[in-house]
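Engineer: Line order of the protein sequences matches chains E and Z.
To convert, note that position 21 of the first sequence is 21 in full-length UniProt numbering; the numbers rise steadily by one, no gaps.
To convert, note that position 147 of the second sequence is 147 in full-length UniProt numbering; the numbers rise steadily by one, no gaps.
No lab work stands behind these hints: they were computed from the structure.
None of these values were measured; they are calculated from a predicted model.
Some hints could be false.
[Claimed, not checked] Each computed BS3-like pair below joins lysine-lysine, with the alpha-carbon atoms no more than 27 Å apart:
| no. | chain 1 | residue 1 | chain 2 | residue 2 |
| --- | --- | --- | --- | --- |
| 1 | Z | Lys262 | E | Lys102 |
| 2 | Z | Lys3 | E | Lys103 |
| 3 | Z | Lys3 | E | Lys102 |
| 4 | Z | Lys76 | Z | Lys191 |
| 5 | Z | Lys59 | Z | Lys76 |
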Amino acid sequence: MKLSWMKRQQYLGYLFIGPNMIGVILFFIIPAIYSFYLMFTDYKFMSPDTHFIGLANIQKMLGDEVFYIAIKNTLMFLLSVPVSIGLAFIVAVILNRSVYLKKLLRALYFMPYITSGVAVAFVWMLLFHPNNGPINGILRSIGIANPPGWLSTMETSMYAIDIIWIWFMLGYNMIIYLAALQEVSGELLEAAKIDGARTWQTVRSILWPLVSPTTFLLLITGLIMSIKQFGIIQAITQGGPGNSTTVLSLFIYQNAFRYYEMGYASAVSWALFLIIMIFTVIQWLGQKRWVHY
Amino acid sequence: MNKSLLNKSIITLIMLFFSFVMIVPFLWMISTSFKTPAEVFEYPIKWIPTHFNWEHHLKVWTGQSSFVHYYLNSLKVAVISTIGAVLLSSLAAYGFSRIEFKGRNTMFMVYLSMMMVPPQVLFVPKFIMFDWAGIFNTHWALILPGMFTIFGVFMMRQFFLSVPQEISEAAFIDGAGHFRIFSRIILPMAKPSLATLAIIDFSWHWNDYENALVFLIDHDLFTVPLGLQNFILENNVDYNGMMAAATAGIIPMIVVFLLGQKYIIEGVASSAVKG
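Start from the sequences, fold in the hints, and give me the full structure.
Structural biologist: Listed below in structure tokens is the structure:
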């Protein structure tokens, strides 16, 4: 009697997971399978018939000049990830020990991450205004006669996007580092002090190695998060000027919803999936190696 | 001793300066929204305008495409999605963490693998499916998928795993089933985690530009990010108006952040370190 009741209780597991599972099937699994099929078709929105075209989309992708530009822009965009992590580490080390107003400072550095969205993208658009923007105003006032055109020229636009992204990610990385630093024992640092280690030596040879699993985690998750991002870039530049800020994820969006080349967009989106999968596998392997420092 | 106090004060001042750099876009935005057009790009920057101009904010809130409308749309989408997501995630997380049953680990692996699939893969098929189901260009195209967050399941599962199993066993002996244990014991214990998930989820939906961009066409349905974009396209030389509109878009998030700061920061920290 008691046993059968226990057994019935086990079946409740399906009831608990069921409602969520239905959504995951409808909004993740079925679309993913559907997209995999679309990759091999010439599906265009509103066009009367669709053909199975085998690997033609993948061939088209590999021959598409803009695809390679998008890859190059994506790599330039991903450069912002290690920069943001490095800056966040410095901020976290300082906030962790040697300041007053710790909570206030932590909140201020974190604010861009939580409040940011398209709204802030438009603010940056004006801050970067090439002729009269406040950023170039400051640069001119410190003696730079020809400040960069930022978002308005092909050579500099990706760097301007990088700056915005570094600013956005910094607070998130800092919070994670602060959590990791709190687990570093104070005794270890005291011992280093007694040994006469200088501050930067302590940071370099004790703190930095101790938080290396966190650095690794932030690097991989940051790369994955950034490679999926296109909203801010779409809002500010729509990929321009030229194709200078067309990153891979934006390239997919534009092919699908500006040119309605949905089969082609699906093929490219699986290339993006492949990159994310490689990052994820690296993360698994790395985590195994780093269980013990 | 005095020297280290001095050091600490100097470092605090330096860090305060850099934190000012971090929030300067917000300050500039608010300041510009009260200026006259001639003052926008004045240099050196006048942080407090000589005369406060409310006309730009008036235009944003009462103009042809008023933000009142976008706010209501965004609130509707974000609130319903968040309630659904918190409820469905905690139910599933309980199943994944505190009930042993056949196929559980396989199902969990499926969830794990879905985390790797980027939204770009799903946009096109969802677009076709929603069109077919008649929910394309309605709020349901945002709300229904918004109620399912794999991240939320992971986060709540992490918390439920940390609750000792003995608590459930004791309740079992008293004759309580899983639904009772879930609703009377585990869920009340999880209040801080629920709050964290709710705040993070709400902020996602409030800031969600990408899904709205793909799934909404009608101006009447626009949420705040799309409304903002629309405002900026229509008023692309009115910089003060643009900044008043941006302020309208950001203020709710600043309020949410100030109210739920503790939950947000701790939630973000714990979810990544232990995940």
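Engineer: For each hint, tell me whether it holds in the structure or not.
Structural biologist: A quick look at each hint next to the structure:
1. Z:Lys262 to E:Lys102: Holds, because 14 Å separates the two Cα atoms, which is no more than 27 Å.
2. Z:Lys3 to E:Lys103: holds, 23 Å
3. Z:Lys3 to E:Lys102: Answer holds: Lys3 (chain Z) to Lys102 (chain E) is near 20 Å, not above 27 Å.
4. Z:Lys76 to Z:Lys191: With a Cα-Cα distance of about 23 Å, the restraint between Lys76 (chain Z) and Lys191 (chain Z) holds, given a limit of 27 Å.
5. Z:Lys59 to Z:Lys76: holds, 23 Å
The structure meets every hint from the earlier list without exception.
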